[in-house]
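J.: Input sequences plus hints: build the corresponding full structure.
So the sequence lines, in the order shown, correspond to chains F and R. When we follow my numbering, the leftmost residue of the first sequence carries the number 1, and every step to the right adds one. When we follow my numbering, the leftmost residue of the second sequence carries the number 1, and every step to the right adds one.
There are no misleading hints in this set.
Calculated pairs, PhoX-like style, for lysine-lysine (alpha carbon to alpha carbon, straight line, at most 20 Å):
id, chain 1, residue 1, chain 2, residue 2
1, R, Lys318, R, Lys457
2, R, Lys446, R, Lys321
3, R, Lys435, R, Lys374
4, R, Lys31, F, Lys31
5, R, Lys302, R, Lys374
6, F, Lys31, R, Lys28
For each label pair, taking beta carbons as the anchor points, the in silico distance ranges come out as:
id, chain 1, residue 1, chain 2, residue 2, range
7, R, Phe167, F, Ile71, 30 to 38 Å
8, F, Ser9, R, Leu153, 40 to 48 Å
9, R, Ile109, F, Glu96, 41 to 49 Å
Here's a subset of chain R near chain F, in silico, CB distances under 10 Å, partners left out:
id, residue
10, Ile41
11, Lys234
12, Glu365
Hints in this document: simulated from the structure, not taken from any laboratory. Beta carbons: idealized from backbone N, C-alpha and C, even for Gly.
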Amino acid sequence: MGDLLNFLSQNEVLIYLLLFTVLLGFEVISKVPSVLHTPLMSGANAISGIVILGAIILIRTTDPQDFFTLILASIALFIGSINVFGGFFVTNRMLEMFNKKKNK
Amino acid sequence: MDKILFLISAFLLVWGLRLQSDPASASKGNKFAAVGMLIAIFSASIMPLENSSGNYIWILTPIVFSAVIGYIIAKKIQMTSMPQMVSIFNGLGGLSAVLLSYAEINKWILSPESYPGFVLVVLIVSLFIGSVAFTGSLLAFAKLDGYRWSEKLTLPFQHIINLILLFSIAFSSYLFIDSSGGYSFLYIMISISLIYGIFFVAPIGGADMPVVISLLNSFTGITAALTGVIFDNKVMLLGGILVGAAGTILTVLMCQAMNRSLLNVLVGGFSSSGSSSKSDEQGDIREISDSDFAVQLFYSQKVIIVPGYGLAVAQAQKLCKEIQEVLESNDVEVKYAIHPVAGRMPGHMNVLLAEADVDYSKLIELDEANENFKTTDVAVIIGANDVVNPDAIDDTSSPLYGMPILKVWESTSSVVLKRSMSAGYAGVQNPLFFKENNKMYFGDAKDSLQRLSTELKNL
Chain F
1 MGDLLNFLSQ NEVLIYLLLF TVLLGFEVIS KVPSVLHTPL MSGANAISGI
51 VILGAIILIR TTDPQDFFTL ILASIALFIG SINVFGGFFV TNRMLEMFNK
101 KKNK
Chain R
1 MDKILFLISA FLLVWGLRLQ SDPASASKGN KFAAVGMLIA IFSASIMPLE
51 NSSGNYIWIL TPIVFSAVIG YIIAKKIQMT SMPQMVSIFN GLGGLSAVLL
101 SYAEINKWIL SPESYPGFVL VVLIVSLFIG SVAFTGSLLA FAKLDGYRWS
151 EKLTLPFQHI INLILLFSIA FSSYLFIDSS GGYSFLYIMI SISLIYGIFF
201 VAPIGGADMP VVISLLNSFT GITAALTGVI FDNKVMLLGG ILVGAAGTIL
251 TVLMCQAMNR SLLNVLVGGF SSSGSSSKSD EQGDIREISD SDFAVQLFYS
301 QKVIIVPGYG LAVAQAQKLC KEIQEVLESN DVEVKYAIHP VAGRMPGHMN
351 VLLAEADVDY SKLIELDEAN ENFKTTDVAV IIGANDVVNP DAIDDTSSPL
401 YGMPILKVWE STSSVVLKRS MSAGYAGVQN PLFFKENNKM YFGDAKDSLQ
451 RLSTELKNL
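T.: Right, here's the structure in full:
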């Protein structure tokens with residue numbers, strides 16, 4: 001329990017951030033009409049690939065001789081980036097099709 | 001410098017999502033978010049770190065390769081397979097988080113004293129959720145892609161087994177943390193988590209997969225946020241939470257559109273509750289011939305097309321547009337009524353019709369459509385079933401009861417394009433088929449529309 005309280009007071013800002021981000025997320029997403037739910041899903045999915053930042057930081061702080069960690073983190077980075085790049089590209093492709101209609 | 005960049009990227013991510021709430025600005029929103037992501041990747045690569053050792057080659061190579069691969073996949077993928085693709089990508093995101101957490105645990109074991117105490121717990125949780133998201137997404141993909149075996153993975157007492165699995169995961173995690181380094185417990189924990197992911201999705205029906213994907217997507221988001229806590233990176237935290245919130249909201253919205261609770265979906269919904277009901281009460285169905293159908297459409301004033309999953313599977317959206325054009329050139333008003341859960345994902349129909357160049361203004365949503373049917377000559381239902389089932393309104397014993405549906409029978413006549421008389425996903429017969437003013441037009445959606453289109457052009 002003491003540990004937990006300690007943790008809470010040490011990370012006060014982080015916890016505030018967490019709280020407000022949750023609210024912000026709900027607020028922003030609930031305004032999206034059902035027409036756009038498929039692109040939203042794939043777009044949000046691309047954003048979840050943000051874990052790759054962790055992979056980048058991990059690789060940068062790893063000892064150059066520690067090949068196990070390097071390889072593992074590189075694979076994580078590779079897989080995660082497919083999610084990021086593929087996700088954004090395909091969302092873009094879908095949304096462009098919507099746009100095309102608007103301009104006519 | 002990197003702090004400012006992270007701030008900009010966080011702003012772009014939020015603003016980008018915000019812009020996605022309007023079809024006109026959505027494309028810009030996605031680009032904003034993408035730029036935000038690139039900036040985040042860049043600043044993670046340049047931010048000053050204690051004992052940084054470079055290793056840039058290990059960073060650059062995977063990014064370049066995956067960018068190329070991701071681009072090719074995004075270019076090649078069929079719009080109809082969008083749900084499958086999202087679930088695969090989501091699985092990759094989960095796997096990435098798993099590998100990352102595992103690598104981090106490995107480092108932790110070498111020097112536990114350099115980490116704050118809570119890190120290991122967060123890592124374990126992230127490992128668990130990431131694993132579930134990974135295998136769960138893969139099974140969701142298999143179900144969406146129609147692999148038969150994927151529907152038969154359920155064991156007897158599945159829900160009890162799942163509880164036992166969850167308990168074993170918690171227990172082995174506890175043993176691992178307690179013994180701090182007994183690797184075998186970690187492996188046990190990961191393996192059970194992976195298995196749990198499969199059993200979590202197994203009982204859920206194929207048509208409920210969008211709900212599951214959305215839920216798993218929010219899981220991946222939460223994992224990303226947890227990893228953000230470990231790496232003390234605010235953008236990761238923010239991005240992860242945003243995705244978590246997005247996934248949760250979408251899940252809830254989809255359940256509402258089907259008038260079911262999330263629990264009902266997760267437990268396996270229809271398959272257990274209602275195959276019985278009053279499916280015996282049948283009547284005569286009337287088939288319509290190619291030429292009659294064509295003539296009827298040709299001399300109508302207003303036609304509403306109700307596209308469903310069958311249209312998506314047959315990839316018949318372009319033919320649909322073709323028929324729409326023929327009819328419009330003869331002064332027939334054509335509209336598309338889109339049910340919120342039509343297709344394989346909410347909004348999937350809109351994407352497919354947009355791909356076929358159907359004008360955005362021709363698509364009408366549930367409420368507007370229901371007002372329109374009264375003045376419609378022919379309602380054409382293509383590969384949709386449960387979303388036009390009158391039982392949802394009339395029959396309190398029907399598993400569909402209470403679900404908002406399209407009242408196609410209020411139009412002067414309706415024609416259902418369907419492969420056979422088999423029941424829809426909910427496993428209930430549709431009394432619409434036996435109504436006086438309804439006719440059936442059997443065949444695969446693509447063949448049927450092809451026949452119809454030829455017939456129309458001959459008129």
